[in-house]
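J.: Here is how the chains run, residue by residue.
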Amino acid sequence: MKIVVCIKQVPDTKGGVQFNPDGTLNRAAMLTIMNPDDKAGLEAALRLKDQYGAEVTVVTMGLPKAEDVLREAMAMGADKAILVTDRVLGGADTWATSQTLAGAIRNLEYDLIITGRQAIDGDTAQVGPQLSEHLNIPVISYAQNIKIDGDSVIVERQFDDRYHVLKAKMPCLITALAELNEPRYMTPGGIFDACKAEVTVWGRANLVDVEDSNLGLKGSPTQIAKASDKVRKGQGEKVNLDPAESVDYIVGKLKEKHVI
Amino acid sequence: MDFTLSKEHEMARALFKEFAEKEVKPLAQEVDETEEFPRVTVDKMAKYGFLGIPVPKEYGGQGCDPLTYVMCVEELSKVCGTTGVIVSAHTSLCCDPILTFGTEEQKQKYLVPLAKGEKLGAFGLTEPGAGTDAQGQQTKAVLDGDEYVINGSKIFITNGKEADVYVIFAVTGTIEKRGRLMKEISAFIVEKGMPGFSFGTKEKKMGIRGSSTYELIFTDCRVPRENLLGKLGQGFKIAMHTLDGGRIGIASQALGIAEGALESTIAYVKERKQFGKAIGQFQNTQFQLADMATKVEAAKLLVYKAAMAKATQKEYGFEAAQAKLCAAEVAMEVTTKAVQLHGGYGYTREYDVERMMRDAKITEIYEGTSEVQRMVISAALLK
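Those protein sequences? They're chains A and B, same order as listed. Per this note's numbering, residue 1 is the first one in the first sequence, and the count goes up by one each step. Per this note's numbering, residue 1 is the first one in the second sequence, and the count goes up by one each step.
For the record, the hints were derived by calculation from the structure and aren't laboratory data. One should not assume that every hint holds.
[To be verified] Ranges between beta-carbon positions, derived for each pair:
1) THR348(B) with VAL251(A): 31 to 39 Å
2) MET1(A) with GLU18(B): 23 to 31 Å
3) ARG349(B) with LYS238(A): 42 to 50 Å
All values derive from a computational prediction rather than experimental measurement. We put the CB at the ideal spot given by N, CA and C, even for glycine.
Start from the sequences, fold in the hints, and give me the full structure.
T.: This is how it looks when you write it as structure tokens:
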């Protein structure tokens with residue numbers, strides 16, 4: 001089985017958020033991590049590899065620095081890594097990103113593509129489903145459990161207060177939730193191997209069946225009008241009361257604010 | 001000279017730090033209070049290869065360099081000195097001598113499961129009458145047919161009851177050296193469960209309270225002849241070589257404890273208010289922190305230098321002794337200052353620095369006291 005996992009290097013929000021003058025994120029100035037939903041997707045792929053045997057290829061589109069997240073994935077157990085990077089791909093929204101990833105993945109053989117549900121820097125949840133449309137394969141989103149059944153996958157899809165059990169023939173695409181699993185750590189030896197391993201670097205010329213008009217900032221229908229860091233909350237009020245008094249106090253406050 | 005870490009080492013540090021924060025730190029206080037060996041953590045460390053970091057891959061290890069191992073013990077010790085010493089004793093004192101002096105059969109039988117973390121290792125040199133004076137050994141091993149029969153006891157053994165494989169030293173005869181009759185010491189690999197091998201009392205300690213420190217008792221303990229480690233009579237050399245590596249491990253533990261105390265103190269002095277402002281705004285606090293941080297950095301450079309010496313030099317005892325002497329004394333000084341800067345709260349078990357100060361003390365004592373390190377260093381200077 002061949003599994004492609006799309007991962008994204010995202011700002012580590014613990015380290016603070018910084019913007020460029022045009023409102024886009026200043027990624028170069030921020031600490032980065034592997035997007036949590038993507039990490040769960042990678043872990044799901046690695047578990048399928050452990051259980052059924054599989055070759056896991058990780059793909060990311062980003063700055064050359066995004067190589068770090070690919071090496072982290074290899075140190076966790078991914079077999080191959082592809083970095084799609086090119087100046088013309090910069091400023092991509094979800095449409096241009098999914099077009100780019102589709103153009104890259106058309107070079108690869110795959111039974112299963114796993115993406116995270118959404119990235120913590122954009123929160124759109126669009127790239128995975130769009131990618132499946134471009135590649136013309138089924139998609140099951142919000143996966144909280146994945147099993148292989150012959151040439152199909154059986155997936156529990158999270159849905160409000162319940163979950164749906166869906167079956168799809170492979171090749172197909174699954175979007176994973178961070179709650180899907182607890183991702184494994186890298187191993188020290190895995191890190192040393194990953195740092196020596198080759199990361200395949202592709203640019204615009206390697207993308208298959210993608211129009212220039214669908215790439216980068218120019219190919220992005222979404223334009224950012226304004227972006228800002230979240231408004232910092234005030235210090236709040238600290239009170240020291242025993243549990244019974246606390247309940248009365250909180251209920252009183254909620255009534256005062258007409259919440260209840 | 002370039003002091004920047006390689007990509008591999010940066011990633012390894014990030015891994016150890018994340019693991020320590022998520023898996024080790026939440027248990028540190030409980031491990032100290034209950035004196036329970038953190039088996040759950042050890043099992044997790046085994047799963048991720050932390051118990052075989054500097055062991056070559058062909059023997060089940062991770063194939064990394066000593067610096068990676070040092071950073072692992074350092075990051076673990078930042079949050080829990082107990083967990084740091086478990087890894088250090090296992091790796092430096094048990095895996096290393098088997099890797100260096102073991103036969104191929106011994107490596108396959110013992111080193112592979114140790115490096116994979118399927119088994120835990122320990123080292124038994126110290127006896128009631130043989131601490132710094134390792135020649136004072138009383139434990140004896142006598143060949144009887146195809147087995148050595150060991151009698152005696154070892155004390156203060158880290159990982160004592162929890163280990164599966166032990167590197168044990170015993171007197172196997174006498175030799176004449178420069179006209180003096182000396183004890184001939186040899187090393188043996190002993191397995192838990194071998195007939196005649198049992199455990200004595202568990203030590204109640206000031207610090208590193210979760211590490212399982214036991215007395216090992218050998219009563220006509222029969223060990224197969226092929227478990228002789230190295231050559232007959234090579235024991236003292238094996239012990240000294242092993243302790244050189246062990247000192248780098250303990251220096252890393254001391255460094256980690258000092259760094260942990262410094263980090264806790266920096267956070268505390270920003271929060272704690274007296275006379276209407278954070279105590280970090282007082283010059284006394286600032287100067288104390290500056291001294292602490294500078295000493296920690298100096299210790300770190302010596303510890304990393306010793307790790308690099310182990311990677312590139314045949315002999316590294318001098319570097320190891322300097323690293324351990326400095327890191328241990330810095331750990332004691334920095335943790336003491338950390339408690340002082342925490343004031344009354346620092347003296348309570350509610351704050352980590354109280355535990356760190358107790359954990360730091362042992363680093364000036366075991367794997368060669370600070371006085372022994374000074375002997376090693378000065379002997380090299382006056383040679």
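J.: None of the hints should be skipped; say for each whether it holds.
T.: Each hint, compared with the structure:
1. THR348(B) with VAL251(A): 31 to 39 Å: holds (35 Å)
2. MET1(A) with GLU18(B): 23 to 31 Å: Cβ of MET1(A) to Cβ of GLU18(B): about 30 Å, so the range 23 to 31 Å holds.
3. ARG349(B) with LYS238(A): 42 to 50 Å: violated (24 Å)
Hint check: a violation occurs at hint 3 only; the rest are consistent with the structure.
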